[in-house]
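Engineer: With chain A fixed as given, assemble chain B onto it according to the hints.
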Amino acid sequence: MVDGSRVTGERMEQDRRTYKVVRLLTGGVTPVVLAAGLLVYARWHDPSWEAAPQAAGICRELIAGTTEGRQALFGSCWSAPLPVLFYLPFAWLLPEPAAGWAAFFCAWLFVFWAVREAVKSTGQSGWRIVLAQAAIAAMMAVSGCPQALRAATALTAGLSLLAAAGLADWAAYRRLRDVVSTGSAGALLLLCGFPAFGPAALAVAALPLAACGHRETRSRAQAWLLLGGLPPVYAFGVWMLLNRLVLGDPLFFVRSLGHLVPDAGLFLAALALPALALLPALLAVWILDGRSEKPGAGAAGASAMLVALAVAWLATDAVLVSYRIGWCGVTLRVCALSVLMIALARLKQPLYRLALSFGLFVWMSVFWFREAAPDERSETGRGDLCREVESYVNARTPYGRVFVLGYAGLDLLRGCRSERLVANLDLHVGSLRRAYKGQNLYVLVPEPVGATRAESVFWRYPDIYTRGSERLLFARAFGNWHLFEVVTAPTQEQLDEWRRAR
Amino acid sequence: METAICQSRGGVLHSHGEDDWGKARTSMSEMNADERATPHDAASVDPLELSHRRPEWSASQPMTRTQKGAAAGLMAALALALAFRPLATAQVLIAACTVFYVLLTLYKIVVIRASLSPDAILKFSEEEIAAQEPREWPVFSILVPMYKEPETVRQMVASLAAMDYPADRKDVQILLEADDEATLAAARSLELPPGFRVTEIPESFPRTKPKACNIGLALAKGEYLVIYDAEDLPEKDQLKKAVMAFEASPEKVVCVQSRLNYYNPRQNLLTRWFTAEYSAWFDLQLPGLAALNAVIPLGGTSNHFKTRVLQDLMGWDAYNVTEDCDLGVRLGRAGFATRMLETTTWEEACSVLPFWIKQRTRWQKGYIQTWFVHMREPVKLFRELGFVNFLHYHLLIGGVTFSALANPIFWLMALVWFVFRPEGVAQLFPGPVFAAGACCLFVGNFVFIYVSMLGCCKRKNDGLMWLALFTPVYWLLMSYSGWRAFIQFFRDPFVWEKTQHGLVKKV
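For the record, the sequence lines run as chains A and B. Residues in the first sequence are numbered from 1 upward in steps of one, following the working numbering. Residues in the second sequence are numbered from 1 upward in steps of one, following the working numbering.
If we strip away everything but chain A, and leave its shape as in the complex, we get (with noise of 0.2 Å):
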């Protein structure tokens, strides 16, 4: 009996070793060093490489206290709150490019760490959170795409994962700490942005549908959609609010799509066709359900939710594509992949056999990537681009301000050093010539292709780049941007220096 308990002991320590190298290897070392792998990657792929270009950019203006960065914050659904809330800090504290790389890391980070929580509720061995973590990581090198590699992409992949392994685990064992993950992780993925909306919604409405397999667990549906989904509600709500404070229109941040689709309301029906891919996922669970005593479909039901999900986040990518505005769709196809390898990690299969299949599966999401549509619009020689700009302006008249429209001019903006060349998010001629009279005003005004077709300037002004407006003369094309002068009759003084310049 004493040799007996004693190699139990030995044993129990044992474990508790083996758990504590696990834990250091899954949750420490493996995502250090992949995260860090990945930095060193996209840096050497790519030396013009940025972890954030936007986020950066509208950091700058949320610390020089601008109303424009306020604007650019909550003002847009393509550009969302919680990557540029996120990278915020490392704005705060560092310069760049260290801020970029420094929230690179963090956001890898926060990926890897997703990877472990997701698996580990299976129980299995810590080799396959080694394994599902090192694929993705190779998954993003292979995959050929910036957009891939951005701390954006980054924290909405982490997000999704998050939401899709809460919603596998309530299939599976239906605990209360499953609802709140995947509320919570769905709230937060709502801020990521609009392609963000559907798999969110998707991952909380399956919260009670789950869950009418089982008698114990359907009577109290409603209590699962309120606790699932609320917090995306709420979240969604303060952002209106945020809109009605500092925009005056509390939709003012969706408004891109009324312009972007013929019919908004045929777009938004377009957008539910991808829930139709749960369904088989559902039926799976109920039927798991139903032939158990306790509620829970089991591991096979979560793998079933997780493979529908993931399905259903590639359908609305194709939905997007379909409607001209897929440029987000390398971050959904992100989120898709690493929920399948989530899936298959969670499989049990012998390691070797998983080792294989993710091989596989990163060698075919190469081609699923080239896919996607590249919407960069990266903006090299920044800082040229506004010298050029600020000659220009300053050959013609000494008192010359130029307003650079929307989000990629906070992008632009990040290059400059000048107070000539200002943000400016909301085009209103009118009100600028008031507040800057005497000053000769300038307009410098982004190419509309991929994301920047959704900037507000084009809802009230469509053809812009190509013809200007009233009152706008076109100045002069400095790369993919047009410059365009705000016409005005001269003051008096600007008359008579006219004069003695002559």
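A few of these clues could be false.
To be verified - Here are the simulated EDC-like pairs of lysine to aspartate or glutamate, each with C-alpha atoms no more than 20 Å apart in a straight line:
| id | chain 1 | residue 1 | chain 2 | residue 2 |
| --- | --- | --- | --- | --- |
| 1 | A | Lys294 | B | Glu126 |
| 2 | B | Lys221 | B | Glu247 |
| 3 | B | Lys123 | B | Glu247 |
| 4 | B | Lys68 | B | Glu56 |
| 5 | B | Lys358 | B | Glu497 |
| 6 | A | Lys294 | B | Glu127 |
| 7 | A | Lys20 | B | Asp119 |
| 8 | B | Lys123 | B | Asp164 |
| 9 | B | Lys236 | B | Asp168 |
| 10 | A | Lys120 | B | Asp119 |
| 11 | B | Lys460 | B | Glu342 |
| 12 | B | Lys458 | A | Glu216 |
| 13 | B | Lys460 | A | Glu216 |
Don't read these hints as lab results, they were simulated from the structure.
Structural biologist: Chain B only, in chain A's frame:
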């Protein structure tokens, strides 16, 4: 080295070393129960032993001279700063409050996350309890302090008698004040079951529940001890579960707290909110604290103790109106632990607003008392609790009071800003403070409301979840009580506004 002599327990001397709590820990390993002599009657017991022998651990003195001096100095400094640099001073104060709010919010999230783990609470199934038989269960002392509640005596006796525990192993003391003739008469008119007795508490100041419980503690015969209120309806197998919990836990676990909830949740709006609050506290927050090995402010009843340890800690502080909270902290300081037990005691939620306010005022005042008592020697407290528990202590005990007092001020500022956008308010919140404040407003408040809903869901009170959305109104009541408590702490620190019971027809 400081030494003190413990008396009236068989004449055995204990000495305090540098560690004031050493006596209790030493006694667990060295003392023989036979060496203790139990007092004969209530008259021979000193119910104020703690305040007599360790006044520095008692709320008999609300604030020490040092604390008063420090508070006065702080007020004076604040007044000067406001006079000379009003804006900067206000900005610093608001920044400090905001930081505390942020910490409170993060703390809440951490605690709730810990509470959702399966190990947060000790559970025993019916099968496990049945598998214990046959066995000799230890004597369990039950203290039931009552005052002017003749109508509840019969029901209380019946519910305790019905508990699934051998009758000859129950040592029930009904603690009644000597001048409470009505309740005494009601108790004497009953044929009390075996093991039940009435202990008359001699008239003395202060007339408080902990004072009565100290007398009962000294006269207790059981290895374990529990307190119940008069209207409590504990689950039948609670005593057995408590015994099993102690036996399954390490030696340093000297207290096991049952969950409390209400049997009249739907009586009115107040009881609905109260039930939601209790569900969040006992089903989520306390298990979370236990899972984090934190100092736990005990609930007012259904806390099960190892009798000997409680006696060595000199019982409850008779001057503290939340003697349970204070005891929880003292247990932590002495190096002991509390665990949560998966069993419920059903109580009556106060359904009448004026009574609710009085009850809540007493609780808030007790937290203020407890905070001041244990902060008499903050360095010593830090050393005894350790860094993490020191944080727990301030965020929990201090946090409850701080948020009750500060909330209305910040809500008013937020409302004024939303509606009027005055320049003055914006100046008080520079950039990062504004961002943190906005986080607390939008995220922090949501977290607290969500936790309320979660508590209702865990308790399967799904119908109350919607009402939890309106919890901010309930918080206003808590803030009102908090300010009332703050004033009462200085004006009438020892007044005990007793909760009125018997206002519901029990289900």
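Engineer: Against which earlier hints does the structure fall short, listed by number upward?
Structural biologist: Of the numbered hints, all hold.
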